[in-house]
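On the provided structure of chain R, position chain P as indicated by the hints.
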Amino acid sequence: MSPRLRVALLALSGLALLPGAAAVIAGLPPFGATIAQYGERINAIAPDARHVANMVSAINFDLRGLDTLGEEFMLLAAITGTVVLLRGHRGEGNSGRAMRRAGRALIPRSEAVVLACRIAGPLTAVFGLYVVVHATVTPGGGFQGGVILASATLLIYLGEGYAGWRDAVRSHWLDALEGGGALLFALCGLGPMLMGAAFMQNVLPLGTFRDLFSGGLMLIENLGVALAVTGGFTQLFLEFMEETRATDEPEEPGEESA
Amino acid sequence: MSMLPYAVAAWLFGIGLYGIATSRNFIHLVGCLGICQSATYVLLLGLGYRWGSIAPIFYDHPPGTPAVDPVMQALVLTDIVVGATLTALLLVLTIQAYKRGGSLDPEILRPMRPGGQPDRGASRADDGERTAP
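Those protein sequence lines, which keep their order, are chains R and P. Adding 160 to a residue's 1-based position in the first sequence gives its number in the working numbering. Adding 115 to a residue's 1-based position in the second sequence gives its number in the working numbering.
Treat the hints with care, as some may be off.
Unchecked claim - FRET-style restraints, in silico, Cβ to Cβ:
no., chain 1, residue 1, chain 2, residue 2, range
1, P, Ser168, R, Val167, 37 to 43 Å
2, P, Lys214, R, Ala357, 49 to 55 Å
3, P, Pro229, R, Ala186, 46 to 52 Å
To be verified - Chain P is faced by these chain R residues, among others (derived, beta-carbon under 10 Å):
no., residue
4, Val184
5, Phe191
6, Ile202
7, Pro207
8, Ser217
9, Ala238
10, Thr298
11, Val307
12, Val363
13, Leu364
14, Pro365
15, Leu366
16, Gly367
17, Arg370
18, Glu403
Keep in mind that the hints were calculated from the coordinates and are not lab data. All values reported here derive from a predicted model rather than from experimental measurement. Even glycine gets a Cβ: it sits at the ideal position worked out from N, Cα and C.
So here's chain P without its partners, still in its complex pose:
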């Protein structure tokens, strides 16, 4: 029981990695990266927790009351904010990859070549949903 939060963090990271490795869609991949990242939240908050402690805010409780580790909470806060903006950045890269390659599947997308369009005939073969020319 005392190791459960750490095991949960390891498990979250593991399934996130599995999702990334087997992903067939970039949006799904960004979501899996988010799961990997949430493993760090669980790990940090688990490391900073102590039974019977209050939140590290001494407004209702006088200073000196046992409180949980504020450093971990500050780390998680910055983690979340940076994670949100990085998710946005990755989604933008996804949009650009879709515009260039016509697909969101990393198996279908081909590397971009300098000075030329990617191989459009192969990359758009099985993509029936597109509306833009």
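In isolation and in its complexed conformation, chain R is listed as follows:
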């Protein structure tokens, strides 16, 4: 199909859909006037029923926990697909050859960058942990905190170079983190069934409202998500960086800087 014909087809279908879209938009409630009853009821009930302050976490890990379980495995499947497609003939070596292009000048890493990363890396990791563990209290949770933790591992790469990063971050640990997190979440669903409760029923003590230990089973599920997201996203960085490694080039000694 020629590009011109394709655009014409797109414009035609757009014109055909336009009346429908306009009718739907006109039928929606005016922006900012009201919210759906479901969300309204959750806001009213969940703080008392689950002792959690963060409604988004209450929905993700409790009220609609099954959805999040499915999403967790979608994440796992996408990352597994990425790893399977990328992991060709790469080695487990950790030389600094990756992320370098042959023929491009090699600029030594500035000491300011190393210092900034050594300061900011641990701080980012602590902040990520804070966001993870306070999932039921303040904004945050396993998904957000997990991504922040994965960024902290990227700061190690920025500060220490590729070899240092590969020394600090082991590929099979990441596999274990990713799969173990998803397993932990699944066990949180199956565990209550052993006790005679429903799937993913919140059987643990609910704790105190506005306390770090509130929400019962949600805390464990949240931890599982955080592990899986941290492992998964770091694994993505690692696989993409490995992809840039030139496999057939000899090692050049004395190249690693910093």
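Then chain P, alone, in the frame of chain R:
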């Protein structure tokens, strides 16, 4: 004014689709898909918003304070996470397509045939930037 967020969502989705249809580069195409997806963020957050409401987190405000719809926020959260990993997956497919076909342009790439390499002579004709043999 009251329909503006929904119109913005429709517009974002539309330009994303236009980008996908006219794309000459797979990386650009993945970016356009991301724009289509951000239309869903705008739509969901717009649907869940209410003037004068707080975020659905009852830490500083007591429970019972009018808050925006938490369901939409949870949906957007999962949307973003899955979108990020799917973008990674699509970029990997792009890398593999480049390795097999030698180009990122969907117009130049030919379908892969079972048990054989694609037509390399035609597909790599105007690709001057390649370094790998």
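Verification of the hints:
1. Under the hint 37 to 43 Å, the C-beta atoms of Ser168/P and Val167/R, about 42 Å apart, fit the expected range.
2. In this structure, Lys214/P and Ala357/R meet the distance hint of 49 to 55 Å, their C-beta atoms being roughly 50 Å apart.
3. For Pro229/P paired with Ala186/R, a C-beta distance near 50 Å keeps the hint of 46 to 52 Å intact.
4. Proximity of Val184/R to chain P holds as hinted, the smallest CB-CB distance being about 8 Å (cut-off 10 Å).
5. A distance limit of 10 Å between C-beta atoms decides the matter here; for Phe191/R the minimum to chain P is near 5 Å, and the interface restraint holds.
6. The criterion of a C-beta within 10 Å of any C-beta in chain P is met by Ile202/R, whose closest approach is roughly 6 Å, and the hint holds.
7. A distance limit of 10 Å between C-beta atoms decides the matter here; for Pro207/R the minimum to chain P is near 4 Å, and the interface restraint holds.
8. Evaluation of the Ser217/R hint against chain P yields a held restraint, the C-beta minimum of about 8 Å falling below 10 Å.
9. Given hint, Ala238/R at the interface with chain P, holds; its Cβ is 4 Å from that chain's nearest Cβ, closer than 10 Å.
10. With its C-beta approaching chain P no nearer than about 6 Å, Thr298/R sits inside the 10 Å limit, and its interface hint holds.
11. Here the hint on Val307/R is kept, as its CB sits about 8 Å from the closest CB of chain P, short of 10 Å.
12. This hint is violated: Val363/R has a C-beta 22 Å from the nearest C-beta of chain P, more than the 10 Å allowed.
13. Proximity of Leu364/R to chain P is violated relative to the hint, the smallest CB-CB distance being about 21 Å (cut-off 10 Å).
14. For Pro365/R, the interface hint is violated, the least distance from its beta-carbon to any beta-carbon of chain P being 20 Å, above 10 Å.
15. Interface hint at Leu366/R: violated, since its Cβ lies 14 Å from the closest Cβ of chain P, which is beyond the 10 Å cut-off.
16. The criterion of a C-beta within 10 Å of any C-beta in chain P is not met by Gly367/R, whose closest approach is roughly 15 Å, and the hint is violated.
17. Taking 10 Å as the C-beta cut-off, the interface hint given for Arg370/R holds, the closest approach to chain P being about 6 Å.
18. Hint status for Glu403/R: holds, given a least beta-carbon distance of 6 Å to chain P, under 10 Å.
The structure fails hints 12, 13, 14, 15 and 16 (numbered hints given earlier, in ascending order).
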